[in-house]
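Peer 1: Produce the complete structure using the sequences and hints provided.
In order, the protein sequences belong to chains D and Y.
So the first sequence is residues 1 to 439, counted in the numbering used here.
So the second sequence is residues 440 to 878, counted in the numbering used here.
It cannot be assumed that every hint is accurate.
[Stated by the list, open to error] What follows is a list of derived Cβ distance ranges for each label pair:
| id | chain 1 | residue 1 | chain 2 | residue 2 | range |
| --- | --- | --- | --- | --- | --- |
| 1 | Y | P679 | D | D84 | 30 to 40 Å |
| 2 | D | P240 | Y | K632 | 18 to 28 Å |
| 3 | Y | G648 | D | Y382 | 49 to 59 Å |
| 4 | Y | D519 | D | M203 | 18 to 28 Å |
| 5 | D | Y343 | Y | K553 | 56 to 66 Å |
| 6 | D | T249 | Y | P679 | 51 to 61 Å |
| 7 | D | Y343 | Y | G807 | 56 to 66 Å |
| 8 | D | L377 | Y | R716 | 53 to 63 Å |
If you are wondering where the hints come from, they were derived from the structure by calculation, not from laboratory data.
Remember, it's a predicted structure, so these values are computed and weren't measured experimentally.
We treat Cβ as the ideally placed atom computed from N, Cα and C, and that holds for glycine.
Number of protein chains: 2
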Amino acid sequence: MKKRVVIVGAGFAGINAARELRRADLDVLLIDRQNYHLFQPLLYQVATASLEQESIAYPARNFVRRLGDHINFMLTEVIDIDLDNKRLITTTEPVSYDYLILAAGARTNFFGNKAIETHAFRLKDLDDAVALRNHIMRCFERAAQTDDVEERKAWLSFVIVGGGPTGIEFAGALSELINTVIERDYPEYDAGKESSIMLVEGMDQLLPGTPKNLAEYARVRLEKMGVDVRLGQLVVDATPRSITLKDGTVIQGRTLLWAAGVKASPLADKIDAPKARGGRIAVNDYLSLDDHPDVFIVGDITYKEQDGKPLPGIAPTAIQMGKYAARAIKRIEAGEEPEPFHYFDRGWMAVIGRGTAVANTFGIKVTGVIAWLLWLLLHIFYLVGFRNRLIVMLGWAYDYVFFDRKVRLILNWTDTAKLPAVTPLMPEERQETPQPERM
Amino acid sequence: MKKRVVIVGAGFAGINAARELRRADLDVLLIDRQNYHLFQPLLYQVATASLEQESIAYPARNFVRRLGDHINFMLTEVIDIDLDNKRLITTTEPVSYDYLILAAGARTNFFGNKAIETHAFRLKDLDDAVALRNHIMRCFERAAQTDDVEERKAWLSFVIVGGGPTGIEFAGALSELINTVIERDYPEYDAGKESSIMLVEGMDQLLPGTPKNLAEYARVRLEKMGVDVRLGQLVVDATPRSITLKDGTVIQGRTLLWAAGVKASPLADKIDAPKARGGRIAVNDYLSLDDHPDVFIVGDITYKEQDGKPLPGIAPTAIQMGKYAARAIKRIEAGEEPEPFHYFDRGWMAVIGRGTAVANTFGIKVTGVIAWLLWLLLHIFYLVGFRNRLIVMLGWAYDYVFFDRKVRLILNWTDTAKLPAVTPLMPEERQETPQPERM
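Peer 2: Put into structure tokens, the structure is as follows:
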């Protein structure tokens with residue numbers, strides 16, 4: 001009987017661990033509570049109506065099937081981990097393992113601010129992106145239905161918290177959406193002039209931790225696109241209709257995107273090990289636990305320092321960690337010692353808008369069109385699946401040539417269920433969505 | 440001041456009425472409670488993971504913008520009609536009209552059977568299709584997690600009621616999904632052998648009202664694909680776990696699709712006029728009301744006979760009616776009498792599977808590959824928007840060549856909110872979906 005490796009989480013870390021085990025003489029089980037791998041870095045494009053949600057989600061079974069008969073998938077949610085008995089408790093059957101690769105990822109961190117948690121949108125899951133898109137598109141429609149200038153301004157005010165890649169990319173994409181498509185679509189008002197986008201960052205520069213000149217380039221480009229960038233500023237409170245800054249400024253707006261931090265998946269609490277910032281699990285040099293060398297903790301749920309600095313919570317880190325864990329298991333099985341994990345920094349990049357991006361890769365700082373083309377190429381390359389690559393590329397090409405966004409649909413998601421609590425827009429929606437009780 | 444034509448409903452009838460008014464010297468307002476036009480005939484492909492939902496939904500404002508500055512769109516829901524004061528009551532602002540084109544469409548008709556209404560899926564809206572896709576994909580996952588043969592059979596039993604195009608096309612597409620993709624994706628069981636699809640039709644032939652030999656062709660093809668076709672049979676009861684036929688047979692199954700009939704939109708009740716089968720409004724020869732010649736009733740909400748037979752509730756009828764109403768208004772405005780409406784029967788078609796369809800057009804009966812190519816061409820042609828046509832065509836080509844379905848994702852729709860009532864699959868889903876109260 002082969003030994004069994006269980007991978008929890010089909011994110012970047014999880015699928016790369018599975019891929020690395022494709023020729024291993026082991027039983028591999030990949031578990032996720034969704035049946036797809038999500039390409040998180042492009043969520044903001046779903047939220048701004050550039051990409052269909054299906055383009056950045058790849059069916060897990062499709063992926064697993066291609067790796068070999070020894071790799072399987074299970075749709076379930078892990079709710080507890082019994083390290084001593086090497087067993088996972090799930091919402092369906094318990095699952096035993098010989099090796100565990102925990103890659104359960106991270107969630108949005110509101111740092112205990114309940115008001116913001118209740119009233120802010122987030123951008124971690126596919127649902128988040130579609131809920132945000134629905135909301136934004138509804139705001140544009142509602143703005144078209146009022147003659148009250150102040151009310152219209154409120155529908156058209158967008159506040160984004162967090163000057164990291166997500167905040168920057170979303171702000172840029174939203175500005176483009178407004179200045180191309182929305183302006184053309186809504187003769188009822190002047191979207192370009194009447195709407196406002198504010199990007200709030202607590203540190204004194206965008207993209208904290210990166211060279212100042214790149215951050216400045218990003219700030220200047222965003223401001224040219226009409227984004228009001230506020231550095232050294234915080235959002236401290238929110239209601240359904242307002243957002244309050246640290247300095248007391250109250251913005252009458254109905255859209256707050258919180259992209260200011262992440263914390264570990266709640267599964268981290270089930271592991272008896274030291275925790276670092278955001279509840280992440282502090283691992284040893286082998287991305288493992290001293291008491292449980294058969295358990296590897298990888299991706300965003302992991303806290304690991306290198307050269308005295310914590311590793312960044314980005315896709316390349318997760319990919320390298322996932323691959324490392326798989327290789328370490330293969331070495332242990334071969335009777336060898338694993339080498340300590342070493343993160344290889346390839347740099348990072350963020351796109352700002354049409355033909356504009358910033359990148360810092362292999363010590364070279366690139367801005368403008370070159371950085372943008374680099375971004376395009378890399379993102380296409382890393383998308384899983386030929387069809388997704390093709391569809392995304394065509395979609396981008398179409399939008400680029402025609403200054404259009406074709407996915408600006410309001411779909412009846414769960415978010416509508418709460419709508420009528422404040423102002424009823426379409427009360428019958430809830431009745432119209434069939435919910436047969438069949439499971 | 441120009442006269443104002445208000446069109447209620449952006450379905451086939453509504454958008455064709457708007458299109459016909461693109462050069463008219465009139466103010467035109469298109470109202471819908473969704474912000475997109477839905478290509479309903481392809482809903483079954485969304486439900487069977489062939490097409491992205493975005494491919495068959497086209498943003499209403501995009502459509503309206505291209506027709507001219509005199510045509511506008513409003514996202515709202517009409518809840519009452521005041522014919523005497525020429526005014527619509529909506530969930531937002533009231534709307535006045537000089538001419539009204541009511542194209543509010545139809546809903547699924549359960550003929551008063553509450554048990555079926557509660558436990559059956561339907562296929563009229565985009566939400567319906569995605570809810571059904573989520574459910575089906577979950578069934579395949581659940582079947583992989585049980586060793587109990589009877590339970591697995593129940594997860595893999597699908598009952599479809601209604602032998603019209605929707606029922607036939609869905610049954611065929613589901614059979615192909617199972618025999619190509621699912622069989623390959625799930626090594627845990629033999630999907631081809633263990634699953635069952637039953638198509639139940641009350642009349643003694645499929646596609647009631649069409650030539651017997653075409654209907655027979657469809658039946659034979661479906662049975663060859665493994666569909667159990669039951670003619671002269673009815674579904675009389677349903678629970679979350681069973682479906683009961685008229686003859687007393689109880690099927691242990693968790694999926695019931697009801698595609699057995701439609702009734703008029705509830706807006707029909709707001710019009711004081713004689714009603715026909717399914718609550719549809721009986722109109723005069725001008726698709727209008729004798730007391731209100733400025734009101735036109737078109738599409739699936741309309742009851743109209745021609746040569747002693749009611750007109751079929753299909754897209755071509757709606758398209759012709761919508762165009763007619765717009766032309767009639769232009770004639771009235773020009774001081775002319777409108778001609779009575781005449782439906783031109785171009786026939787119909789239904790696709791059964793890969794390279795197999797039936798069509799009856801201009802008196803010619805076609806089956807097999809030729810009918811299938813005809814179906815493909817026509818559906819591509821009628822899809823709104825170049826990008827949608829391209830994406831759909833590529834998607835179909837990909838699936839055809841690779842025997843694949845790439846959209847087999849389970850997205851967290853409202854349907855999951857009810858899941859844990861019977862068997863908890865992923866209880867945390869509900870907490871994970873953010874629902875900021877922002878409207």
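Peer 1: Evaluate each hint against the coordinates.
Peer 2: We went through each hint and held it up to the structure:
Taking the beta carbon of each, P679/Y and D84/D are about 38 Å apart, inside 30 to 40 Å as hinted. Checked against the hint of 18 to 28 Å, the C-beta distance between P240/D and K632/Y comes to roughly 53 Å, which is inconsistent with it. For G648/Y paired with Y382/D, a C-beta distance near 53 Å keeps the hint of 49 to 59 Å intact. Checked against the given bound of 18 to 28 Å, the beta carbons of D519/Y and M203/D, roughly 54 Å apart, lie outside it.
In this structure the supplied range 56 to 66 Å holds for Y343/D paired with K553/Y, their Cβ-Cβ distance being about 60 Å. Distance hint for T249/D and P679/Y: a CB-CB separation of about 52 Å, consistent with the stated range 51 to 61 Å. Roughly 59 Å separates the CB atoms of Y343/D and G807/Y, a value that falls within the hinted 56 to 66 Å. The beta-carbon spacing between L377/D and R716/Y, approximately 59 Å, falls within the hinted interval of 53 to 63 Å.
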